[in-house]
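Number of protein chains: 2
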Amino acid sequence: MTTFLQKTSNKDFFIFSFFLFFLSVIPTFSLSAQEEATDEDAFYIKKIHDAALTKGECHLWLRYLTKEIGARLSGSPQAAAAVEYTYQMLGNLSLDSVWLQPVMVPHWVRGETEVIRIATSAMGSVDLDALALGNSVGTGKQGISAEVVEVKNFEELKQLGSAIQGKIVFFNRAFDPTQLNTFAAYGGAVDQRGNGPSEAAKYGAIGVLVRSMASGLDDIPHTGGLRYKDGIEKIPAVAISTNNAELLSSLLKQGPVKVFMKTDCQTLEDKLSFNVIGEIKGSEKPEEIILIGGHLDSWDVGEGAHDDGTGCVQSMDVLQILKHLDYKPKRTIRCVLFMNEENGLRGGREYGEEAKRKGEFHLAAMESDRGGFTPRGFTVDGEKEVFAKKFPLMRPWLSLLEPYGLRIKKGGGGADISPLKKQNTLLIGFEPDSQRYFNYHHTHADVFEAVDKRELELGVAAMTSLVFLIDKYGLD
Amino acid sequence: MTTFLQKTSNKDFFIFSFFLFFLSVIPTFSLSAQEEATDEDAFYIKKIHDAALTKGECHLWLRYLTKEIGARLSGSPQAAAAVEYTYQMLGNLSLDSVWLQPVMVPHWVRGETEVIRIATSAMGSVDLDALALGNSVGTGKQGISAEVVEVKNFEELKQLGSAIQGKIVFFNRAFDPTQLNTFAAYGGAVDQRGNGPSEAAKYGAIGVLVRSMASGLDDIPHTGGLRYKDGIEKIPAVAISTNNAELLSSLLKQGPVKVFMKTDCQTLEDKLSFNVIGEIKGSEKPEEIILIGGHLDSWDVGEGAHDDGTGCVQSMDVLQILKHLDYKPKRTIRCVLFMNEENGLRGGREYGEEAKRKGEFHLAAMESDRGGFTPRGFTVDGEKEVFAKKFPLMRPWLSLLEPYGLRIKKGGGGADISPLKKQNTLLIGFEPDSQRYFNYHHTHADVFEAVDKRELELGVAAMTSLVFLIDKYGLD
Numbered sequence: 209m210t211t212f213l214q215k216t217s218n219k220d221f222f223i224f225s226f227f228l229f230f231l232s233v234i235p236t237f238s239l240s241a242q243e244e245a246t247d248e249d250a251f252y253i254k255k256i257h258d259a260a261l262t263k264g265e266c267h268l269w270l271r272y273l274t275k276e277i278g279a280r281l282s283g284s285p286q287a288a289a290a291v292e293y294t295y296q297m298l299g300n301l302s303l304d305s306v307w308l309q310p311v312m313v314p315h316w317v318r319g320e321t322e323v324i325r326i327a328t329s330a331m332g333s334v335d336l337d338a339l340a341l342g343n344s345v346g347t348g349k350q351g352i353s354a355e356v357v358e359v360k361n362f363e364e365l366k367q368l369g370s371a372i373q374g375k376i377v378f379f380n381r382a383f384d385p386t387q388l389n390t391f392a393a394y395g396g397a398v399d400q401r402g403n404g405p406s407e408a409a410k411y412g413a414i415g416v417l418v419r420s421m422a423s424g425l426d427d428i429p430h431t432g433g434l435r436y437k438d439g440i441e442k443i444p445a446v447a448i449s450t451n452n453a454e455l456l457s458s459l460l461k462q463g464p465v466k467v468f469m470k471t472d473c474q475t476l477e478d479k480l481s482f483n484v485i486g487e488i489k490g491s492e493k494p495e496e497i498i499l500i501g502g503h504l505d506s507w508d509v510g511e512g513a514h515d516d517g518t519g520c521v522q523s524m525d526v527l528q529i530l531k532h533l534d535y536k537p538k539r540t541i542r543c544v545l546f547m548n549e550e551n552g553l554r555g556g557r558e559y560g561e562e563a564k565r566k567g568e569f570h571l572a573a574m575e576s577d578r579g580g581f582t583p584r585g586f587t588v589d590g591e592k593e594v595f596a597k598k599f600p601l602m603r604p605w606l607s608l609l610e611p612y613g614l615r616i617k618k619g620g621g622g623a624d625i626s627p628l629k630k631q632n633t634l635l636i637g638f639e640p641d642s643q644r645y646f647n648y649h650h651t652h653a654d655v656f657e658a659v660d661k662r663e664l665e666l667g668v669a670a671m672t673s674l675v676f677l678i679d680k681y682g683l684d
Numbered sequence: 209m210t211t212f213l214q215k216t217s218n219k220d221f222f223i224f225s226f227f228l229f230f231l232s233v234i235p236t237f238s239l240s241a242q243e244e245a246t247d248e249d250a251f252y253i254k255k256i257h258d259a260a261l262t263k264g265e266c267h268l269w270l271r272y273l274t275k276e277i278g279a280r281l282s283g284s285p286q287a288a289a290a291v292e293y294t295y296q297m298l299g300n301l302s303l304d305s306v307w308l309q310p311v312m313v314p315h316w317v318r319g320e321t322e323v324i325r326i327a328t329s330a331m332g333s334v335d336l337d338a339l340a341l342g343n344s345v346g347t348g349k350q351g352i353s354a355e356v357v358e359v360k361n362f363e364e365l366k367q368l369g370s371a372i373q374g375k376i377v378f379f380n381r382a383f384d385p386t387q388l389n390t391f392a393a394y395g396g397a398v399d400q401r402g403n404g405p406s407e408a409a410k411y412g413a414i415g416v417l418v419r420s421m422a423s424g425l426d427d428i429p430h431t432g433g434l435r436y437k438d439g440i441e442k443i444p445a446v447a448i449s450t451n452n453a454e455l456l457s458s459l460l461k462q463g464p465v466k467v468f469m470k471t472d473c474q475t476l477e478d479k480l481s482f483n484v485i486g487e488i489k490g491s492e493k494p495e496e497i498i499l500i501g502g503h504l505d506s507w508d509v510g511e512g513a514h515d516d517g518t519g520c521v522q523s524m525d526v527l528q529i530l531k532h533l534d535y536k537p538k539r540t541i542r543c544v545l546f547m548n549e550e551n552g553l554r555g556g557r558e559y560g561e562e563a564k565r566k567g568e569f570h571l572a573a574m575e576s577d578r579g580g581f582t583p584r585g586f587t588v589d590g591e592k593e594v595f596a597k598k599f600p601l602m603r604p605w606l607s608l609l610e611p612y613g614l615r616i617k618k619g620g621g622g623a624d625i626s627p628l629k630k631q632n633t634l635l636i637g638f639e640p641d642s643q644r645y646f647n648y649h650h651t652h653a654d655v656f657e658a659v660d661k662r663e664l665e666l667g668v669a670a671m672t673s674l675v676f677l678i679d680k681y682g683l684d
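The listed protein sequences derive, respectively, from chains A and B.
Heads up, my numbering is the position in the first sequence plus 208, with the first residue counted as 1.
Heads up, my numbering is the position in the second sequence plus 208, with the first residue counted as 1.
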């Protein structure tokens, strides 16, 4: 590792290469504000990696969470089982405290039937690969039937105006494949799913079909949450597979298409559930909390493996690895498995509110909720002043993380930890490779087998390494 | 992209971060020797990426190569079909020349039977998940039966000495999971497969079992080539799955284990086959060839998807993308699909020899033979003087490649292009993420479905970008 410290005769060129993201963010930066990263740190980060790759328990935990428990929608018996299981597993780690934080969660259920049938002169009757969107109302027992109108965005919808009346709107804007990061492509399309139903209802639509939020073409429908706007009629909405979206679009080019929709979704009464929390108390500054977490709930299809079983078991394994290495943190390291990220964010909100009530201070909060793929680094967020002050203090660590292919750049933290932003917390999003995430996200395909053990474990190593550095050096 | 060129007030720190690998390799380096990378280049590299992600044909070609043709061992009808198919596909690209280069290849066949049966008092008779190693002799019709002796390395074998006589040796050294790059773990274990049979035969062993060259524990046996040493008896050798290796090892701790082996492998007469080649002639320096390639043959199980269907279709797609962009190269860009990498390297050798006979000069040769996963960069190799002179000239390009997560470092080029090393060629190995490669390598699991379309296409984009830079700036 001593070669890291060698100097080179040509400094100017090196500046081009690594800190592209930082350059535009922070004009100045003082090395003296921060102890320099040491060879000792490099040695310890190697130890963390070795332990994560040989003594990790995340893969076994994930197997149970996915194969034995399965999909864990808020309010479901499986969500309750996941609370119980992870509470027990954290309890086995000899932590200083493990507890459950109560939170009332929404209880949406898909129901039995999900039929989306198109009738065309060309092909006769075809059942589409479909999943009702989360939070959607059902169609009623008789179902609904109407002509389909395809649009790519809300502007087209507006221009059609009254022509939408009594129709079923089909939102069919695909991911932009030229976005390198698939989350950027998702961000460019997901308004159709989230807001499309209320936007369509404004003009008198009676139902909505949405092209699945997916990177490619296949037969897999992707569910996910919609948000009805107050004061606008709630109409049923369903995602169809990207292949079916292409089919429907091509049929619509030939002539009118009628669709029959029948779903039984309903929203039941709120249910009591829990965030699951465990921590190692800090030895010097226990009042400074470093949070790591993921969300324990998932949608009700597949097994909630990459979303977000992996984030939960990785966060648990960070504590397990620190205990295994007999690391005594200066600060409090707390693992939080949030409930209800998918359709309400109640767990994250309740956590943030209680932290405020109790006057807790979270120095940093890191969420893993982008899948269990090979780690590429971290994205960092925070209130303007917090970010400006703390982000530069992470720079000396980059030389320690770079050999593991890890970068740190500005970007989102995570939904569950977002309420902590206003409490002067530095938010950190763990960033794995994004290419395959939207093959699985919110689908029947998001199962244990889609997760690679080494990729998962390397995520634990990356997360633990950054937690170690924050704990050791602080952010002051 | 202009932010790349901004200066920063603290140069010293930046030096730590990115060029760790370079620092120890090249003590000095002169920027003036090379035109600086420009914003224009950044724009063109973005164009290349957009085209690869929207106009690529690699995924369709791979589907045919894997699903319609399948495994393509040298000398097999499938290998011949792959030659024909890729020759036709290259023929469709309006290249300046497409041709076949004849080469005689070994013709090993697995045969019908493959039984590896252990008999123990504890478990009775168990058939192991096994695949004969490539190039192995068969056991004869009666099979062989003997007690198993487990060793971890050749040193242990030597110490056992005459105790090996008449036994079946079981090489059971696992991958080192703490190696970040799985190819390093492979490199640390593969002597058992390549040289183990002859090493064991030296001491009178009659057969060999080898723990599969795999990153994790599963039921999938991995075949791969062995090399018999001249003058030592050829004994049959078989790979067993890592789960079975663990089972066998635990049984051996309880007492002696006998194994029955029966395989029908044989080596038939050499067969005529071909390297498949297509090129775009350079407009200014046609005599400087930039080669891109992969190997068309595969082992005889699975579909040869990641090894190395992906490398072939990526190399073909580099030409297709350049044609699509109407790029007129200064230098000759040549795609070579090599035959017989897996069990002979005859294609690579013949290519190198003919290049020498013809006095051709390959400025650079790039091979893609590490799977079709998310690109991480390139490894570069060459004769000492060639490397010392040319490698530094790539540095100004790093700022262009870094936004795509690509690095360039010292490392191997590729088996097929290795004969060009002595011809003053700079060898370049395309380097994708390595974590999942040894889940599939040489197995029934190496199928089309194991390849992600975007990951594959991003590889094409990375390869094309570097080819573009070499073509534009040369390496002088």
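Wrong hints could be hidden among the right ones.
Since the list gives no way to pick out one identical chain from another, each pair is judged satisfied if it fits inside one copy or across any two copies.
As the list claims (entries may be wrong) - When the alpha-carbon atoms are kept at most 27 Å apart in a straight line, the in silico DSSO-like pairs for lysine-lysine are as follows:
no.	residue 1	residue 2
1	K618	K629
2	K375	K680
3	K479	K466
4	K442	K375
Think of the hints as simulated: they come from the structure by calculation, not from any bench.
Evaluation of the provided hints:
When the C-alpha separation of K618 and K629 is checked against a cutoff of 27 Å, the pair qualifies only within one copy, where the shortest distance is 14 Å, while the shortest distance between copies is 42 Å. For the identical chains of this complex, K375 and K680 are neighbours neither inside a copy (60 Å) nor across copies (55 Å), given an alpha-carbon limit of 27 Å. Proximity of K479 and K466 under a CA criterion of 27 Å is satisfied in neither setting, with 38 Å inside one chain copy and 60 Å between copies. Within a single copy, K442 and K375 get their C-alpha atoms as close as 14 Å, which meets the 27 Å cut-off; across copies the closest is 75 Å, which misses it.
Of the hints listed earlier, those the structure fails to meet are numbers 2, 3, in rising order.
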